[in-house]
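K.L.:
Spelled out from the first residue to the last, the chains are:
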Amino acid sequence: MTRYVVSRVGRAVLAVWIAVTITFFLLRLLPGGPTTLMLDGVNDPALEAKLLADYGLDQPLITQYGLFLWQLIQGNLGTSFYSQSPVAEVLFDRMPWTLLLAGSAFLITLVVGIPLGVAAAVKRDGLPDQALRFFGMAGQAMFVPSLAVLLLAVFALKLGWFPIGGAVSSFVEGPQYVASVISHLILPLLSLVFINIGPYALTVRTNMLQVLGADYVRSARARGLSSQAVIWNHGLRNAVIPAVTLMGLQLGTLVGGAVLTETVFAYPGIGSLIYEAVGRQDFPILQGAFILLAITVVLANLLTDLVCLLLDPKLRTGNRA
Amino acid sequence: MTTQAINTAAPSTRGMSPRQRTWRRFFSSPAGYISLGTLAVFALIGIFGPMIVPYPSGLGTDILQPPTAAHPFGTDGLGLDVLAQVVWGTRMSLLVALFAGLLAVAIGAFLGIVAAYFKKADAVITTITDVMLSLPLLPLMIVVTAMVGPSIVTLTLVIGFFSWPEICRLIRSNALVVSGMPFIDGARAIGASPLRIMLKEILPMVSPLLIVNALLTGARAVIAEAGLSFLGLGDPDTWSWGRILQSAQRDGVLVSAWWQTLFPSLMILLLVLSATIVGMRFNDSRAVKVKGALK
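Line order of the protein sequences matches chains A and B. With the numbering used here, the residue at position 114 of the first sequence is 114, and numbering never jumps. With the numbering used here, the residue at position 234 of the second sequence is 234, and numbering never jumps.
In case anyone wonders, no lab produced these hints; they're calculated from the structure. Wrong hints could be hidden among the right ones.
Claimed, not checked - Sample of chain A residues facing chain B (criterion: CB under 7 Å; computed from the structure):
1. 95
2. 103
3. 104
4. 152
5. 174
6. 260
7. 286
8. 293
Stated by the list, open to error - Listed below are several chain B residues computed to face chain A (Cβ distance under 7 Å; list not exhaustive):
9. 102
10. 134
11. 135
12. 136
13. 139
14. 144
15. 232
16. 236
17. 245
18. 253
19. 254
20. 268
21. 272
Said to hold, decoys possible - Beyond 12 Å from chain A on every Cβ pair, some chain B residues (computed):
22. 25
23. 37
24. 44
25. 55
26. 61
27. 64
28. 69
29. 71
30. 77
31. 83
32. 130
33. 193
34. 220
35. 285
36. 286
Yeah, the Cβ is synthetic: ideal placement off N, Cα and C, and Gly gets one too.
Whole structure, please, built from the sequences with the hints as guidance.
P.N.:
Next up, the structure:
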């Protein structure tokens, strides 16, 4: 078990390191180097030399890389071109909203997706199964902003059930604050869940079908257990753990969807920050946002796997047959 | 002698080649005709549309007009015809989908086959693939596209370069099965080089998978391109479906000027859906040893 945990943590660190390294070398490999972006067409050799020295860019590449990693470990992600404030500060202002949105989308997809997939697998080719297959395909083919706009048009503008954007109304406190946060959250959340749940439930369905065809399920049936008992005690327990792991793998896609959803709903998280930064050519923010999101996804993934470890005796003893 | 006997003893094939059988099965339900037909219509719009419809540029007088006879898809905030934008956008989206799909499949197939054949390379390639799959790719593509500078070439390369991991994983697992087959040992025994084995023995066995997954990856590339363009990273000199949505977003009329949102959205949905169905049906219609498609 310790070996599994160590190797799993090692992979998480490796993933973050690769993400960070990609962005570092990309910026350095660009024609003209990073100062081109900062100078933005201004031809001033003195200023360029000062910038190079300030950012340590006159050092050899490997020294720069070490410096960059060292800064990063200390939580220094550079300075925003636009607001001149530290990138980390700007990001942490926005991060709670993205965590709330993506986190609740993650949980709902999990909690609703698993029973949906199980129901489809139990009655194969039944109505829920066929509906799910259609829904899963549609969810994958749907462009997130298209769906977000549709929800916005129907439920916010036409019916007026929900606010049209933002994350919370101003000047509210206590229970009203919570209510306001929830009512602002629902539409962006629905867009994300709708896109993710179909493909996810389809994978759960495939897993469950495999489990239901396994020998131990057949022998449980042969022992005369009711089909309910077989499905819930033997089938689901063995299908749920890979299903939770799979959701961890879908996190990257989910976060990508959150970026687009936040943009449509002007939801003040990292996603709309990215949209603003693209318009302002604020590269440190873009780089920092990617690194932060990558770390978050990798950590969440690690956490999911460790939770599965607690749930799955097979993994705990180290016999991963 | 014996092979002839077996052939005559199995009349079910009725002299059809496997390829013919695949296509017969593919067209056995209307879904086959409809999805492939839709793809063909998209191709026709992409190839010939821009020859008929003038490129939307400059400023028009009819700003934010709902659909009329003169402008069937309405006009945008600059008074440009949305139908023309959609037609030109079709060409752009198809080009990106085609080349990004090909690039991703080429990289994925190469790495997948190498990983399956060389045990030493396997650990490295598998680890990198897993790591790439666990990263949030859209934010990564955003950083890269923003830094390199948005253009149709950038978009194609970025989407292609970041879409290979799933193909690599799939090809690797299938190539592993193939490389354990007796004829590979046979090829090695008669002295075939690893390169020859990978190119002439393993690649042909997994190549039907490549067709299917090129389609599915192309479909995803359409969505990725739309996402990047929607965020303002589209090629400023070409129209794309995502850019139409972006101009509506910029003007704050995503909902009120519904025609600017609806028509490009429908195009994305239809193209991706039909490409996915064609890919899945083609995959299901084949009856060969290797099977698999991206989920």
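K.L.:
Confirm or reject each hint.
P.N.:
So, going through the hints one by one against the coordinates:
| no. | hint | verdict |
| --- | --- | --- |
| 1 | 95 | 13 Å, violated |
| 2 | 103 | 14 Å, violated |
| 3 | 104 | 17 Å, violated |
| 4 | 152 | 6 Å, holds |
| 5 | 174 | 32 Å, violated |
| 6 | 260 | 6 Å, holds |
| 7 | 286 | 5 Å, holds |
| 8 | 293 | 5 Å, holds |
| 9 | 102 | 21 Å, violated |
| 10 | 134 | 6 Å, holds |
| 11 | 135 | 5 Å, holds |
| 12 | 136 | 4 Å, holds |
| 13 | 139 | 4 Å, holds |
| 14 | 144 | 6 Å, holds |
| 15 | 232 | 5 Å, holds |
| 16 | 236 | 13 Å, violated |
| 17 | 245 | 6 Å, holds |
| 18 | 253 | 10 Å, violated |
| 19 | 254 | 5 Å, holds |
| 20 | 268 | 5 Å, holds |
| 21 | 272 | 4 Å, holds |
| 22 | 25 | 19 Å, holds |
| 23 | 37 | 17 Å, holds |
| 24 | 44 | 21 Å, holds |
| 25 | 55 | 24 Å, holds |
| 26 | 61 | 27 Å, holds |
| 27 | 64 | 16 Å, holds |
| 28 | 69 | 25 Å, holds |
| 29 | 71 | 20 Å, holds |
| 30 | 77 | 16 Å, holds |
| 31 | 83 | 18 Å, holds |
| 32 | 130 | 7 Å, violated |
| 33 | 193 | 32 Å, holds |
| 34 | 220 | 8 Å, violated |
| 35 | 285 | 17 Å, holds |
| 36 | 286 | 19 Å, holds |
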